[in-house]
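Line by line, the protein sequences are chains A and B. Per our numbering, residue 445 is the first one in the first sequence, and the count goes up by one each step. Per our numbering, residue 445 is the first one in the second sequence, and the count goes up by one each step.
Think of the hints as simulated: they come from the structure by calculation, not from any bench. All clues given are correct.
It does not matter which identical chain is used: a pair holds within one copy or between any two.
SDA-like cross-link-like pairs, simulated, lysine to any residue; straight-line CA separation at most 20 Å:
#1 Lys-821 x Gly-833
#2 Lys-821 x Leu-769
#3 Lys-821 x Pro-768
#4 Lys-692 x Ser-636
#5 Lys-723 x Pro-713
#6 Lys-571 x Met-905
#7 Lys-798 x Val-921
#8 Lys-865 x Pro-713
#9 Lys-670 x Gly-918
2 protein chains.
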Amino acid sequence: MASTGFWSREGENAAGDSNQSPSTPRAWCLAAQKFTGDLGSKLYALLNVGEGNKTASSATKKVLAASENCDCNKPCNCSKRNLDLSNLYSTDLLPASDGDLATITFLQEVVDLMLAYIVTSFDRSTKVHIRGRASVRAAGVRHSEEDEEIIGWQDGQGDGIFSPGGAISNMYAMLVARFKMFPEVKEKGMSSVPRLAAFTSEHSHFSIKKGAAALGIGTDSVICIKADESGKMMPLDLERRIVEAKQKGLVPFFVSATAGTTVYGAFDPLHAVADICKKHNIWMHVDGAWGGSLLMSRKHRWKLDGVERANSVTWNPHKMMSVPLQSSALLVREEGLMQNCNQLQACYLFQQDKHYDLSYDTGDKALQCGRHVDIFKLWLMWRAKGTFGFEAQIDKCLELSEYLYNKIKDREGYEMVFDGKPQHTNVCFWYLPPGIRYLEDKEERRRRLHKVAPAIKARMMENGTTMVSYQPQGDKVNFFRMVISNPAATFEDIDFLIEEIDRLGQDL
Amino acid sequence: MASTGFWSREGENAAGDSNQSPSTPRAWCLAAQKFTGDLGSKLYALLNVGEGNKTASSATKKVLAASENCDCNKPCNCSKRNLDLSNLYSTDLLPASDGDLATITFLQEVVDLMLAYIVTSFDRSTKVHIRGRASVRAAGVRHSEEDEEIIGWQDGQGDGIFSPGGAISNMYAMLVARFKMFPEVKEKGMSSVPRLAAFTSEHSHFSIKKGAAALGIGTDSVICIKADESGKMMPLDLERRIVEAKQKGLVPFFVSATAGTTVYGAFDPLHAVADICKKHNIWMHVDGAWGGSLLMSRKHRWKLDGVERANSVTWNPHKMMSVPLQSSALLVREEGLMQNCNQLQACYLFQQDKHYDLSYDTGDKALQCGRHVDIFKLWLMWRAKGTFGFEAQIDKCLELSEYLYNKIKDREGYEMVFDGKPQHTNVCFWYLPPGIRYLEDKEERRRRLHKVAPAIKARMMENGTTMVSYQPQGDKVNFFRMVISNPAATFEDIDFLIEEIDRLGQDL
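Chain A on its own, in the form it takes in the complex (with noise of 0.2 Å):
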């Protein structure tokens, strides 16, 4: 690998001379100093050093006056290089803007414990504290107080698991709804059941149509609600076909309410389909996979209002609060009902005889048997970022699409799926290239316009600039989706898309 010298005396020198930005030179000696390869003559140029006219950045000032504690005079040799990290906070690292040397410095201590850990473990003289099956078979979510306040449940209320994925969580929620109405299932299986009707609406995500046929209901009984132009479920709909199927000799047994729609990120109204399920007594879940964790947000929580009221509630964290894959969780009301669900009580995994609190045992609500542990990622940045945190990290991902909104509602060359401002960071559009944009041939620009979204997203690969999904949507051809979950987006970047479409679709 080339060298610029970044790891030579000369270079060392260099910094330690360079007194224009006084500190700079020291904590980028700090940080880059761990690296090997020619990492660092990237680091080298992405901080700028030698540019003493930079201000540093607030995070920057903080990891440097951290260093400034060290009582050695030297530049990179000090003697105390551990920093005091405890003054730097989840906003000073990136995508915070000038955030690179925090977290470097950030991470490079998250690496020292991970190999300490290592060297720990190999010795023989420590402790065995948990075996890691075990501790994976304990995953269960036991919720805080704070889960409980969120939802909305009353009294503590409240049971949930943490399961693969959305799809798996929405399947968990039709497996404990039937045997809610039909315990005997489990044993008997569905023969011993009457024909059962889930309801759903048109826009909602394909898993509640999976898991009806895994769990052998069928994809025929679930039916299809119709959407209103901005997407959400029409309660008038709704209840219709509950009482229509229920005189043709069905069971409703399930609504699903999405709250986010994957593609128009529409909110079905929670308050109306939950007094019609409770009207009918049936099971309201709602798939908030997408759209539940607006309930971290003061600003944007109203458009979930009504979910208090459901039986069960799909929630990813893996989606807009950028917890790695995978973390979704499956949240019921009413305590036990899991257990009684899915537990086979193996002798060879739920002794009774433990010499622990069994309560920590949950995993024989679950259908799995080890399980990744989940909840730790989504625990993790909930005490790094805190519940505020996560609520500037969502509003902000909403700010930035309201801006894309609001750029392109008007202008030329473009035209929104739905009239209204969206009300997640859906942002569904059309993008018309001149030669499309005055057909009066309506059959001939429908035909033409379905061709535009691909075509532009196979430059957009080629190009390698930008990524944005498309696709059809009933009888609406081929549309853009934008979606931002990604707080690092800046409104530079929405300005960039905008222009990029412009200059890759031109010519179609």
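Use these hints to put chain B onto chain A, whose structure you have.
For chain B alone, kept in the frame of chain A given last:
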């Protein structure tokens, strides 16, 4: 944190001045220089710097040799710290004896790469290559020739999927088997299907019953077949129960043989099971979650003879092969069946006008939507260790368990739960404290013996010295089940375990 002056110039000079073990200080410095915190002092102690008469291991020598390549005479601040690690093998890393330095050096390289990635990905001039979710969706299994070879399916046949764990893989198998026999179940549900019957041994994993409950088949339809004294399914009983079920009007559709039962580690006789399945036209599944990895061992793969006749196989690389949770595959012999069984062709995900080879879009054969990329860890480990590396690791675990078995089978105070050498690494035994050892009253002996394993386990947890599972099985009271899946364990660890059980259980 306390510092031993490890980072001081004095420390550096001390290392540089030590010529007794000429290379060690330099190499030690290379790796340890990167650490902050008091990890330094631990490493210092661990690596025994200053004990000049210590002989460097082969792995350490390789790291040292790499560092010798620099053209700088200074021990620590050389300009070319880019170690050439191409000569290091995974077997040089921990748990290799004295693999500490190699491991640390290697891990630091990994960290450098990751940090370089972060730096690059925040550089807006770089290309967008893959969107996370797109890559995740494409993470189905596209088998390498090697996979096929391993199961033994002909002509490169086969299909599969990575799922969140063995229980879900087994559920997928049952789902696909049902669809194969009654494809209408997908739309019409179980009401369109006669009453089904599934068969598995009484020693099989509880996930077979959980799957039947979830899929609407019902646990009563899972018929448990007798196992012999060593835990293997009895083919005579299997056939008898299939005939009996048919006489009752049930439709047998699924037999799950177990390759490596959870408690005894027994392997069902696959050829005999396959003969019966063929005769009665029933789907043959092999739950090889635990034992499937023995296919990697030329010495032990005979235990799975007949697996090539199965219609589906569950295999969990996250167990015996030490791939980090989660990594579980369901392999299905008939191609396209999973796709037909599970696909819903949601148009917003599985567009047909995409810019690339659509055969990479394997997501629709899963129940899930977004998924964790579980195959990647396995692929990476396979690349690093090779088939022979995995084989060596597995053979080592079996060797350790055989060592344990040989040590305790005739030892006073120990009693084996079943006769003969265990087929897998499960060694099942009772420990009888002296006070119980000679009891004449059989019932009193049983009663007291039942409490011994939990009591010793509690002491193990308190002492933190070791952890061994225990459970009852059928009419057998609580016994220890020592399962070895960590190739870093040593014969000395086994000796220690036996002595520790003696020590902790003496007075019970």
